[in-house]
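Build out the structure end to end from the sequences listed, making use of the hints.
There are 2 protein chains.
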Amino acid sequence: MLTAEGYVVSKPRSGLFVVTPYKHVIASIPDTEVYDLSRKITSNPHIPTSVKHADFIDFDPTALDHDAFPIRTWNKMLKEALESHSSMIGNYGNPQGEQGLRAVLADYLRNSRGVYCSPEQIVIGVGMAYSIGILTKLLKDTRSVAFEEPGYNLVRDQFLLNGCEVLPISVNDKGVSLAALEESKAQIVYVTPSHQFPTGSIMPYPERERLLEWANARNAYIIEDDYDGEFRYLGKPIPSLQSLDTHGRVIYIGTFSKVLTPALRMNYMVLPPKLIEQLSNMPHEVLYAPSRVEQWAMQSFIEQDNWYRHIRKVRNLYRKRHHHLIGLIQNHLGQHVEITGQNAGLHIQMAVKKCKTTKELIDSAAEAGVKVYDFQKMWMNQHPVHYPKLYLGFAGLSLADMETGIRLLQKVWFME
Amino acid sequence: MLTAEGYVVSKPRSGLFVVTPYKHVIASIPDTEVYDLSRKITSNPHIPTSVKHADFIDFDPTALDHDAFPIRTWNKMLKEALESHSSMIGNYGNPQGEQGLRAVLADYLRNSRGVYCSPEQIVIGVGMAYSIGILTKLLKDTRSVAFEEPGYNLVRDQFLLNGCEVLPISVNDKGVSLAALEESKAQIVYVTPSHQFPTGSIMPYPERERLLEWANARNAYIIEDDYDGEFRYLGKPIPSLQSLDTHGRVIYIGTFSKVLTPALRMNYMVLPPKLIEQLSNMPHEVLYAPSRVEQWAMQSFIEQDNWYRHIRKVRNLYRKRHHHLIGLIQNHLGQHVEITGQNAGLHIQMAVKKCKTTKELIDSAAEAGVKVYDFQKMWMNQHPVHYPKLYLGFAGLSLADMETGIRLLQKVWFME
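Going line by line, the protein sequences match chains A and B. The numbers in UniProt numbering rise by one with no breaks, and the one at position 75 of the first sequence is 75. The numbers in UniProt numbering rise by one with no breaks, and the one at position 376 of the second sequence is 376.
If you're looking for bench data, these hints aren't it; they were derived computationally from the structure. Hints may be right or wrong, so weigh each one.
The list cannot tell twin chains apart, which means a pair is met if one copy fits it or any two copies do.
What the hints assert, rightly or not - Quick list of in silico lysine to aspartate or glutamate cross-link-like pairs, DMTMM-like style, CA-CA up to 25 angstroms:
#	residue 1	residue 2
1	353	65
2	185	374
3	359	285
4	411	305
5	76	182
6	140	165
7	236	173
8	79	360
9	313	83
10	377	285
11	137	165
12	371	285
13	377	277
14	137	55
15	353	183
See the structure below:
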């Protein structure tokens with residue numbers, strides 16, 4: 001189903017190599033944007049708030065097309081939300097999330113992602129950090145978390161911040177290595193089966209079944225992060241793990257940040273009934289939902305079919321960008337690179353067959369005005385590197401900018 | 001400055017009594033609203049989302065007047081925010097909070113609360129649970145937190161949830177007992193000096209100075225929660241602790257939930273420079289700001305003077321309600337009760353001089369259709385009780401409803 005990649009070198013359960021040839025990696029978010037640390041009282045209050053660098057062609061994997069955002073409709077939803085809920089604006093809402101939003105979300109998840117749940121199982125949240133924070137409190141007796149290696153470092157760090165032990169489990173072209181998982185002592189595993197982050201591999205059906213069997217046999221929990229599950233461009237959809245789960249072992253996490261906008265910071269989690277029961281025994285302050293106003297707006301957005309319409313629109317948009325990017329890479333970078341993860345999601349992975357380090361490639365791209373992203377932070381442990389791997393997001397770039405960007409990469413990497 | 005109360009019975013450093021005559025207390029938020037635990041898939045998706053019970057006269061201390069919320073202006077701010085920031089809607093924002101909002105907030109805090117800080121010291125957050133979560137990670141080597149007794153249980157629980165040891169320090173009519181604090185081993189103290197929650201006492205200037213000296217001498221941190229600092233109805237304002245702090249020992253926390261609406265779930269924290277520096281050394285995933293759209297809207301709301309105008313409006317509104325409530329209580333409940341905390345804030349404390357338990361008083365009020373709130377959860381330890389104490393919020397009730405409510409209390413408590 002996927003192009004063979006050959007980058008998974010570590011054997012199951014292994015993972016400690018001392019081969020990484022470079023130490024200094026480029027942070028995926030510019031550090032200067034993360035904290036404003038100048039302690040000068042005289043600082044300019046009107047520094048632009050954007051993290052976008054207009055002068056760069058930025059293959060930012062977290063960016064979306066800002067023109068695709070339905071400003072007028074969203075404004076209308078906000079206005080309606082405020083007006084129709086005006087008598088509730090003076091009160092705190094349900095910390096688990098507004099009942100109305102959870103109800104329409106349950107319908108959406110059933111219809112579109114095969115996730116079968118009641119509104120009572122849904123916890124509306126303010127992002128992955130929040131969701132993982134709750135899960136580590138709920139599952140506080142199981143401190144060993146198996147984690148995709150390479151995997152989404154921001155989520156891995158949340159487990160570490162919350163005092164968990166993280167067991168890196170190598171990823172192959174079928175997702176997380178089940179043999180390695182089975183031999184680990186983990187009681188929780190975090191996976192991205194729809195489109196593994198960052199490699200892009202998709203977990204086939206038989207592996208999903210085997211993963212569920214592992215969880216059932218061990219009374220373990222699977223955290224299924226379906227972060228960009230709405231974006232599948234080729235082939236038949238594979239059912240979510242949650243939809244195949246008959247024993248309440250899957251915790252499903254989804255987000256509005258990929259389809260609509262990351263600016264709302266709104267996500268959701270579907271807990272198995274047993275964990276909802278456990279949650280009810282915790283101090284209720286552990287929960288705090290995002291803005292009620294935006295939750296009400298999101299409810300109307302889904303109810304009035306804008307959500308489905310928007311998904312179709314951006315899926316088509318990003319499918320085009322995705323195909324265009326693959327075409328550009330094939331045409332301009334051709335035999336110098338190898339692409340993986342090209343059937344889904346909002347980014348691709350690219351191995352660059354050149355005797356340069358990742359840092360050298362990123363630096364020379366940056367000098368040419370192009371930002372591409374590192375793979376290194378996604379690894380917990382050091383690992384053997386055949387070819388440097390970079391990843392490129394395409395959702396935030398126009399076709400023209402993409403073309404300019406790839407041509408610049410061709411020039412700076414292979415023609416100079 | 002404040003009416004003598006006589007309710008502080010525990011001596012400094014003590015606090016363990018076995019006097020509490022009642023075990024079953026009414027939760028301050030109805031439990032049924034906190035979790036929807038029915039696991040029936042068939043649940044009605046259109047259950048109303050409000051936590052307000054229209055048929056009750058509810059002296060809810062967390063409620064605000066929903067009619068005071070400037071719907072039209074806020075809609076305009078949201079619309080402008082989306083339109084003027086449309087090119088940023090596809091990107092994540094600064095996890096510390098939008099620079100523009102932090103800049104206008106720094107101005108506001110300096111002008112109105114005497115809090116002197118740079119925008120770089122401000123962390124925009126999604127509520128107290130989030131802020132305390134960050135602080136406990138930042139101050140992870142100091143696990144002993146002195147906490148007002150009685151104090152705000154929701155905040156206390158956050159310290160406990162994050163693995164801190166909480167040392168209850170008794171509160172008197174000048175705020176937290178400094179003698180008890182000085183003899184404790186605490187390295188952090190959480191205080192609400194503007195209007196102690198829940199007793200309503202205000203910390204006088206000399207006590208503020210002494211508290212700062214304690215922090216300086218011990219290199220300790222003071223967490224100043226100025227949750228309703230905008231609401232002072234009588235007497236000269238007393239400077240915030242942060243404004244008196246010359247050694248960077250005060251962490252100042254404020255919220256938009258009391259002046260504007262709790263539905264946004266937006267607050268902020270001002271960190272001393274040293275802690276901002278420490279924050280920069282933590283994994284940046286520890287931070288996640290609320291919705292960018294609402295942050296942009298809030299920035300415009302403050303910039304365009306709507307914030308100041310709104311504070312004046314609601315301060316006048318709540319001053320009237322406050323005076324009216326005190327008058328009603330004096331007229332109808334008279335010598336049966338004793339009120340404290342009447343100079344500030346959005347709630348009062350009322351001792352009921354009757355040989356009934358708090359539960360009995362709350363239950364009989366509820367039977368008459370009036371919700372008043374318990375004091376018990378605010379205590380960490382058991383304590384001697386002279387008279388049952390209840391607290392009544394007034395911001396969410398019209399003058400007419402207040403009058404009906406107090407008359408009903410008179411009837412059910414003292415005339416039957």
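Earlier hints that do not hold, by number: 1, 2, 4, 5, 8, 14, 15
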